[in-house]
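S.K.: Chain order of the listed sequences is A and B.
Taking this note's numbering, the leading residue of the first sequence gets 369, the next gets one more, and so forth.
Taking this note's numbering, the leading residue of the second sequence gets 188, the next gets one more, and so forth.
Rather than coming from a laboratory, the hints here were simulated on the basis of the structure.
A portion of the hints provided could be inaccurate.
Derived PhoX-like pairs: lysine-lysine, alpha-carbon spacing no greater than 25 Å straight-line [what the hints assert, rightly or not]:
| no. | chain 1 | residue 1 | chain 2 | residue 2 |
| --- | --- | --- | --- | --- |
| 1 | A | K476 | A | K412 |
| 2 | B | K230 | A | K447 |
| 3 | A | K480 | A | K412 |
| 4 | A | K476 | B | K230 |
| 5 | B | K265 | B | K241 |
| 6 | A | K447 | A | K476 |
| 7 | A | K480 | B | K230 |
| 8 | A | K447 | A | K412 |
| 9 | A | K480 | A | K447 |
| 10 | B | K230 | B | K200 |
| 11 | A | K412 | B | K230 |
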Amino acid sequence: DVVLTQTPVSLSVTLGDQASISCRSSQSLEYSDGYTYLEWYLQKPGQSPQLLIYEVSNRFSGVPDRFIGSGSGTDFTLKISRVEPEDLGVYYCFQATHDPLTFGSGTKLEIK
Amino acid sequence: EVQILETGGGLVKPGGSLRLSCATSGFNFNDYFMNWVRQAPGKGLEWVAQIRNKNYNYATYYAESLEGRVTISRDDSKSSVYLQVSSLRAEDTAIYYCTRSRDYWGQGVMVTVSS
Numbered sequence: 369d370v371v372l373t374q375t376p377v378s379l380s381v382t383l384g385d386q387a388s389i390s391c392r393s394s395q396s397l398e399y400s401d402g403y404t405y406l407e408w409y410l411q412k413p414g415q416s417p418q419l420l421i422y423e424v425s426n427r428f429s430g431v432p433d434r435f436i437g438s439g440s441g442t443d444f445t446l447k448i449s450r451v452e453p454e455d456l457g458v459y460y461c462f463q464a465t466h467d468p469l470t471f472g473s474g475t476k477l478e479i480k
Numbered sequence: 188e189v190q191i192l193e194t195g196g197g198l199v200k201p202g203g204s205l206r207l208s209c210a211t212s213g214f215n216f217n218d219y220f221m222n223w224v225r226q227a228p229g230k231g232l233e234w235v236a237q238i239r240n241k242n243y244n245y246a247t248y249y250a251e252s253l254e255g256r257v258t259i260s261r262d263d264s265k266s267s268v269y270l271q272v273s274s275l276r277a278e279d280t281a282i283y284y285c286t287r288s289r290d291y292w293g294q295g296v297m298v299t300v301s302s
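Sequences and hints are given; from them, build the entire structure.
M.R.: Here you go:
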């Protein structure tokens, strides 16, 4: 199975500052069709997860442009510029390139 | 408006079985892959199963940790997807979420496996 390693495990950020989360894959996530099926999710406290980013860098409908996904191959990053109170929660990366599909273990974002 | 509603959760004894249902509306169900994802209490997300649409021959995929005990199915005429889980164990205790290609998620349904 593809293992996604997220770092850090937790992150405490001052409002207005930038946060950065890394997701490293045990295998390349580039599929044979040329696409890379790496996604980012945010699960706010007490809520269902919500899709933020798909195919590495595409923001889902309604996601603020403060959320920026980047990377290729096995190394991916989610940057959140100008962190706001509603950004707190647990962030997960997810790969849909290889079967079985897998999630990272999560990064908890706290506001200082 | 996309709506996804899971039902069928509850308390089940170890060794028992359960069928979860996911009713959807607000989009053309036939066009989408559907997934189940679960989350044990206080833990992270775990992908469980996917069923593709007719164009992909309704192909199914499963997490290895559950393979052999779980079956995903769909009824396009009812815009619904199902998850049958058998030989339930305490570690299957979790909130089970139904998702449309992972872009829209239901609120989840709790399954508790306990004697």
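S.K.: Decide, hint by hint, whether the structure agrees.
M.R.: Hint check results:
1. With a CA separation close to 10 Å, the supplied pair K476(A) and K412(A) stays within the 25 Å bound.
2. Straight-line distance between C-alpha atoms of K230(B) and K447(A) comes to about 23 Å, which keeps the hinted pair within the 25 Å bound.
3. As the CA atoms of K480(A) and K412(A) are separated by approximately 16 Å, the hinted pair is consistent with the 25 Å bound.
4. The suggested pairing of K476(A) with K230(B) holds, with an alpha-carbon distance near 12 Å, which does not exceed 25 Å.
5. As the CA atoms of K265(B) and K241(B) are separated by approximately 14 Å, the hinted pair is consistent with the 25 Å bound.
6. Restraint check for K447(A) and K476(A): satisfied, since their Cα atoms lie roughly 14 Å apart, inside the 25 Å limit.
7. For the given pair, K480(A) sits about 23 Å from K230(B) by alpha-carbon distance, which is consistent with the 25 Å threshold.
8. With a C-alpha separation of about 17 Å, the suggested pair K447(A) and K412(A) falls inside the 25 Å cut-off, and the hint holds.
9. Restraint check for K480(A) and K447(A): satisfied, since their Cα atoms lie roughly 17 Å apart, inside the 25 Å limit.
10. For the given pair, K230(B) sits about 22 Å from K200(B) by alpha-carbon distance, which is consistent with the 25 Å threshold.
11. Distance check on the hinted pair: K412(A) and K230(B) sit about 14 Å apart at the alpha-carbon level, within 25 Å; holds.
In summary, the structure agrees with every hint in the numbered list given earlier.
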